[in-house]
Amino acid sequence: MSTTLTPEDVAEIHRTLADFAHVFDNDDVAALERVFTDDAVIEGTIGNGYTIEGIVAAREFTARRSADTPDHQTSDTLVLVGPDGIVRARSRYIASLIDGGVHGGDYYDILEHTPQGWRIRYRVSVPRHPILDTVTLPDDFADAWRPTAENLPAFGPS
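Mapping of the sequence shown onto the numbering used here: position 107 corresponds to residue 213, and the numbering continues sequentially without gaps.
Please note: incorrect hints may appear among the correct ones.
[What the hints assert, rightly or not] Restraint-style ranges between C-beta atoms, simulated for each label pair:
#1 Leu238 - Asp133: 20 to 28 Å
#2 Asn154 - Asp177: 18 to 26 Å
#3 Gly223 - Gln179: 31 to 39 Å
#4 Ala117 - Arg198: 12 to 20 Å
#5 Arg252 - Ser172: 19 to 27 Å
#6 Ala169 - Ile204: 28 to 36 Å
Because the hints were derived from the structure by calculation, they are not lab data.
Note that CB positions come from ideal geometry on N, CA and C, so glycine has one too.
Model the full assembly from the supplied sequences, consistent with the hints where possible.
Rendered as structure tokens:
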């Protein structure tokens, strides 16, 4: 299976990934459907880790977040298309803490094109700094999200 992305696809994927911070940090639970598919799986690896399955559970999780939950920024996104046709994005996140501290890490996303546009079907959040206790991922986990000449979208003349 092959997936060809247009510059418009890549721009929409970037918008979807950026929209996460605006939706989540502003407790806009109704707008999560602009970011995630209905059957999205979201995993966090801090501590014992957690898994959120589906948009309903994502809404409940967002509604329960505490006032001191960090604000999120998404940056340095790479959009990749694997030989299997799966569209992935790897982004850095910066999380501003209420005390002025900062955490940073990576989002590993799998995206799906829906009738409503590009949405995240799978996301795992992996902290980088500060060093925290986390769930250990397989050594080769990030391999599918490593940019290569073969998986970076190439755009020709329109």
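To see whether the hints hold, each was checked on the structure:
Taking 20 to 28 Å as the suggested C-beta distance range, the pair Leu238 and Asp133 conforms, at roughly 24 Å. Between Asn154 and Asp177 the beta carbons are some 24 Å apart, a value that agrees with the proposed interval 18 to 26 Å. Separated by about 22 Å at the C-beta atoms, Gly223 and Gln179 break the suggested range of 31 to 39 Å. About 19 Å separates the C-beta atoms of Ala117 and Arg198, a value consistent with the hinted range of 12 to 20 Å.
Range check, Arg252 to Ser172: about 35 Å between beta-carbon atoms, so the 19 to 27 Å window is missed. In this structure the hint that Ala169 and Ile204 lie 28 to 36 Å apart at CB is violated, the actual value being about 19 Å.
Hints 3, 5, 6 from the earlier list are contradicted by this structure; the remaining hints agree with it.
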